[in-house]
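4 protein chains.
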Amino acid sequence: MLNETARGVFIISVTPFDERGGLDLDGTDRLADFYAGCGVDGITILGMMGEAPKLAHEESIAFARRVIARAGKLPVVVGVSAPGFAPMAALTKAVMDLGAAGVMIAPPGGLKGDDGIVTYFQTCAEMIGTDTPFVLQDFPLANGLHIPVGVIERVVATCPNCIMLKHEDWPGLDKITAVRAREKSGMRRLSILVGNGGLFLPFELERGADGAMTGYAFPEMLVEVCRLMAAGRRSEAHDLFDAHLPLVRYEQQPGAGLAVRKYALRKRGILASDLQRKPGARVSRETAAEIDWLLDRLGGSVSIAPRESRRAAS
Amino acid sequence: MLNETARGVFIISVTPFDERGGLDLDGTDRLADFYAGCGVDGITILGMMGEAPKLAHEESIAFARRVIARAGKLPVVVGVSAPGFAPMAALTKAVMDLGAAGVMIAPPGGLKGDDGIVTYFQTCAEMIGTDTPFVLQDFPLANGLHIPVGVIERVVATCPNCIMLKHEDWPGLDKITAVRAREKSGMRRLSILVGNGGLFLPFELERGADGAMTGYAFPEMLVEVCRLMAAGRRSEAHDLFDAHLPLVRYEQQPGAGLAVRKYALRKRGILASDLQRKPGARVSRETAAEIDWLLDRLGGSVSIAPRESRRAAS
Amino acid sequence: MLNETARGVFIISVTPFDERGGLDLDGTDRLADFYAGCGVDGITILGMMGEAPKLAHEESIAFARRVIARAGKLPVVVGVSAPGFAPMAALTKAVMDLGAAGVMIAPPGGLKGDDGIVTYFQTCAEMIGTDTPFVLQDFPLANGLHIPVGVIERVVATCPNCIMLKHEDWPGLDKITAVRAREKSGMRRLSILVGNGGLFLPFELERGADGAMTGYAFPEMLVEVCRLMAAGRRSEAHDLFDAHLPLVRYEQQPGAGLAVRKYALRKRGILASDLQRKPGARVSRETAAEIDWLLDRLGGSVSIAPRESRRAAS
Amino acid sequence: MLNETARGVFIISVTPFDERGGLDLDGTDRLADFYAGCGVDGITILGMMGEAPKLAHEESIAFARRVIARAGKLPVVVGVSAPGFAPMAALTKAVMDLGAAGVMIAPPGGLKGDDGIVTYFQTCAEMIGTDTPFVLQDFPLANGLHIPVGVIERVVATCPNCIMLKHEDWPGLDKITAVRAREKSGMRRLSILVGNGGLFLPFELERGADGAMTGYAFPEMLVEVCRLMAAGRRSEAHDLFDAHLPLVRYEQQPGAGLAVRKYALRKRGILASDLQRKPGARVSRETAAEIDWLLDRLGGSVSIAPRESRRAAS
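Protein chains in written order, with the numbering used here: chain A, 14 to 327; chain B, 14 to 327; chain C, 14 to 327; chain D, 14 to 327.
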């Protein structure tokens, strides 16, 4: 079960489709193996970048079952965000029964005031069952909702099963510092994994994050940056990260970024198809050429990238 | 099957729950009978005021099955709005198989530009099956999305299964006039039923609406106003409507209105419980007293209100 | 100077333009006289319905000077909402020097969290000068910002010059009750005047409002309803209010409502022109006919309406 | 006068304040000299990152006067975005009289439908005078408004004085390609300068942009990247850009970015104070240390950075 000691990289998994838009369950196995091979510490499925709202209920279950089975000992976190509590509770029960390690919840955008957000998560905590660990996803760019640090503290204080913050406020560096400062004055510790494409990962780790929960097409870079920072090798961590930054930045385009990620994963030989379900679309010809250029440059400059990335970039 | 000749009152049905929050299926029969007894021309379920997002998939199916069975020959329209196309298609297939007359779709708020809205509905039309009639719900107060008249025309031109406009733009009177004007210059005819609590019903009918698709706690008033207006008895229609306007206005409070409606339906003896699922809440003590006052005044001044309403108000 | 004992009707003044869009300063005198003649207790200018953002800085000053001069002993409140503090402070200083009784501030929509709202008003309070009384305008329908009751309490506690709440949350009845309840547990008293078209005025007064700050085209009705409610003549107050409700409701259409109001004021002989500055537009032909119908019906049913209204309706 | 042949770097100028928040007009001269010394092709003042809404009307004029006088032959573009047309027209007249080369207009967020945006710009074009060249600012991240390419085409077709697109949609690369494609089928040519921090500058130039209109703290990098790309030295352009990307990315944090930029400009010796007017705040201690680190790394890796940057970074 997921708890507040979680650290490292929980990769945000894409959802593989075949060329007709059907779930690619065989490809799901391959993808899970790839993630495991990159050295990730966990897998998060059915997040926003996992096209969760595009799956019918039964498809969500089928995909979760496959990933959880394949991931073996790797913990699997499942996004269960929903416009209502009953569907959220139904999906949570199903995936926890399948062996998920916990669930992730992004609040809807229209909550009213600090109290509205606290009450929302308290209701979630109760509806999913207080023995189900959950990740509070703080992602204003996606839902327009600002979650103050004081609200996070109140959720933590009243929901024992809130054990992780998926931090993707933007700007967000000072927020990590502020959350950790609260812990020094008595707030229960949370695991903090950063999302938002990992665009500030080395700094975020120094501010107090425990790792990343994002889906960059080169998970091994995220893993290695976390390792280097943990080892106190700051300059090397930045060097590696900065070498990837042109592509990280390119992948971090709202809406368009998932097409970039799926294209890169296909180029790396991980995905058989980079199709997204509608309204998602594939990259344009020009975009593909730009990604190819970035992959090429990445291939030439990064010494620690694993075999796969070099092959893709060559 | 629903088509562009639909007219009269398609009542927006509430969803009855018991005091513990479970679906009240027996109460559903009683509610369907009540609506039929008011003389409505159809029933619309799983709309926003039907707490649709609060139901798990199986509950939606169960509720739809019960209403469709009980409604007999009355057409039942089912709201299938969803954040993704696969869940929308799955629910549509299920309810059409159960005998629904058509489905209703409110677009999400973040669509981009006129083309984005047109493309959205074209994708819906294809995903639900082009033989499934659908209602385009135009409700900017709820989703922040303005749908220009020219966009409605383009949807109608390219989606043969778009056969009705649920009009609840606000302000919206001139929009009805504009849509009907387009029809004079070649746009295919749509049925237009007005929502938004029916706050402008008599005027809307004169502007060209075919009726109402809203859920006011006195459906018989909506039915009678439509009848009077169709008969050219304008002053009587306004007299009746204006007698109800204090309560119509009171019920038309965003967020709070459903609690008012359920309270009034319980006072009228239609609902066993006025419980809403969370995050909905019951009316406050003060609000209850105000509704009681309005029901009292309504009882005293409205001669055509049916027996039930008088009993409630006494 | 405005203070927390303010009560009655502070009419939200329109801004009169001539047919070419210039400020109609002579018409401004006539308008101020009309408002005074209706028995209002104050005049609020340069609010949202006063087309404030459409005036250049010098025009705002000129209009304020004229109204303040003409209003004599009637207190004049001036809307000074602005995207930045320096323009707000500049306008405040100018109008207070001219003799305004206080200013009104609506916050921008994007404030973050409860603290963000409190800080915003604290900065306002400081920037306009702590000896300038200000009205906190709570109008989520216009700016998308929910202001929790606890936030209002914190603003009141830390800003001695915050002396009035312009209440136009919607739904908002329980909010008035909640603010008054806080006062019982120690919060400093605020004057509460309701806006939002006065759509719930008699109930709002019973909940604890001190009056109205709205701009309905028949200010004398607002004045009389306040008087009747203060005298404990509840049924009469509702009777009068409900007779006007069809027009109140018609005027309370977001965006379109000001055109309705200006049209009605022109029909009553108060305004020489009902022109709004762009992007505002006049009422359509159909809308004009509907207002005429409502004025006609109002003329027939309202015994206390003053002479002007009967003339207009005839 | 600005026209559609404009190219290169129009730097988005910060507005210098002294430590008490007053306009620093002497510092304004120094800043203008710095920008000119970096080789920029124009200066854009009173943009969003110029804290425009925080200036009172007279301050805006005073600042514009000073920059225009100091800039000499360098064209100065002035942001005149305003919630209403009269203030926009008043500021435009004032700054054009002072010698501005043109104005820049960002639309408000709430425009309705494609037609609403077109009409808005047509009204602007008329209100500022059809002989005043204007820049259409397309910045959805700031105002939530998506401007479709077809809308841009319609504005260009009907507003002869619309001569430049400030492109900062995000993602936006394919949008540049789409605008240029329209020109091939008959749309009048626009200058396209990219904003959004220049986060994709080399790619944007290849897609068809004519340069940048952004305010990165090292304008000389923007100038040089434009020069290298124009010379067909693609790899060198990317090398230089990518060396700056860690800082570009750091500066491109919504809300927080301006504090970063002002801090960096102060460290470089350009600004005497990095104070922002409220609600802006200075960088935190941790943020300052991170910028210092980035400046250090930049100093070590960038061979073409001019003297000032090396000094700052050492």
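In short, the hints are calculated from the structure, not lab data.
Check before you lean on any hint, since a few could be wrong.
Same chains, same names: a pair is fine if it fits in one copy or spans any two.
Stated by the list, open to error - With a straight-line Cα cutoff of 20 Å, these simulated EDC-like cross-link-like pairs (lysine to aspartate or glutamate) come out:
(1) Lys291 to Asp187
(2) Lys280 to Asp39
(3) Lys197 to Glu299
(4) Lys280 to Asp46
(5) Lys291 to Glu139
(6) Lys125 to Glu17
(7) Lys280 to Asp31
(8) Lys291 to Asp128
(9) Lys291 to Glu249
(10) Lys86 to Glu17
(11) Lys125 to Glu166
(12) Lys86 to Asp187
(13) Lys106 to Glu72
(14) Lys197 to Asp309
(15) Lys280 to Asp42
(16) Lys291 to Asp42
(17) Lys280 to Glu72
(18) Lys197 to Glu139
(19) Lys106 to Glu71
(20) Lys86 to Glu72
(21) Lys86 to Asp252
Computed from a predicted structure; not experimentally measured.
Quiz item: Is the C-alpha distance from lysine 197 to glutamate 139 at most 20 Å within one copy, between copies, in both cases, or in neither?
Solution: Classified as neither; 27 Å inside a copy, 33 Å across copies.
Exercise. If the cutoff is 20 Å on CA atoms, where do lysine 197 and glutamate 299 land: within, between, both or neither? Let me know, please.
Key: between (50 Å within a copy, 17 Å between copies)
Quiz prompt | Intra/inter-copy verdict for lysine 291 and glutamate 139 if alpha-carbon distance must be at most 20 Å | solution = between (34 Å within a copy, 12 Å between copies)
Practice problem: Check lysine 291 against aspartate 42 for me: Cα-Cα at most 20 Å, and say if that holds within a copy, between copies, both or neither. | Solution: neither (23 Å within a copy, 38 Å between copies)
Quiz item: Between copies, within a copy, both or neither: which fits lysine 86 and glutamate 72 at Cα up to 20 Å?
Solution: neither (23 Å within a copy, 34 Å between copies)
Quiz item: When no copy is specified for lysine 125 and glutamate 166, does a C-alpha distance of 20 Å or less occur within a copy, between copies, both, or neither?
Solution: both (17 Å within a copy, 16 Å between copies)
Practice problem: Please work out whether the CA atoms of lysine 86 and aspartate 252 approach to 20 Å or closer within one copy, between two copies, in both situations, or in neither? | Solution: neither (32 Å within a copy, 42 Å between copies)
Quiz item: At most 20 Å between C-alpha atoms: does lysine 291 with aspartate 128 qualify within a copy, between copies, both, or neither?
Solution: For lysine 291 and aspartate 128, only the inter-copy Cα distance (15 Å) is at most 20 Å; the intra-copy one is 36 Å.
Quiz item: Should lysine 280 paired with glutamate 72 be assigned to within, between, both, or neither, using CA atoms and 20 Å as the limit?
Solution: neither (26 Å within a copy, 43 Å between copies)
Quiz prompt | Alpha-carbon proximity context of lysine 280 and aspartate 39, limit 20 Å | solution = within (18 Å within a copy, 55 Å between copies)
Self-check item: Intra/inter-copy verdict for lysine 197 and aspartate 309 if alpha-carbon distance must be at most 20 Å
Solution: neither (45 Å within a copy, 31 Å between copies)
Practice problem: Give the relationship of lysine 291 and aspartate 187 under a CA distance limit of 20 Å: within one copy only, between copies only, both, or neither. | Solution: Answer is between: at 18 Å across copies they meet the 20 Å cutoff, but 36 Å inside does not.
Checked against the numbered hints given earlier, this structure breaks hints 6, 9, 12, 14, 16, 17, 18, 20 and 21; the rest are met.
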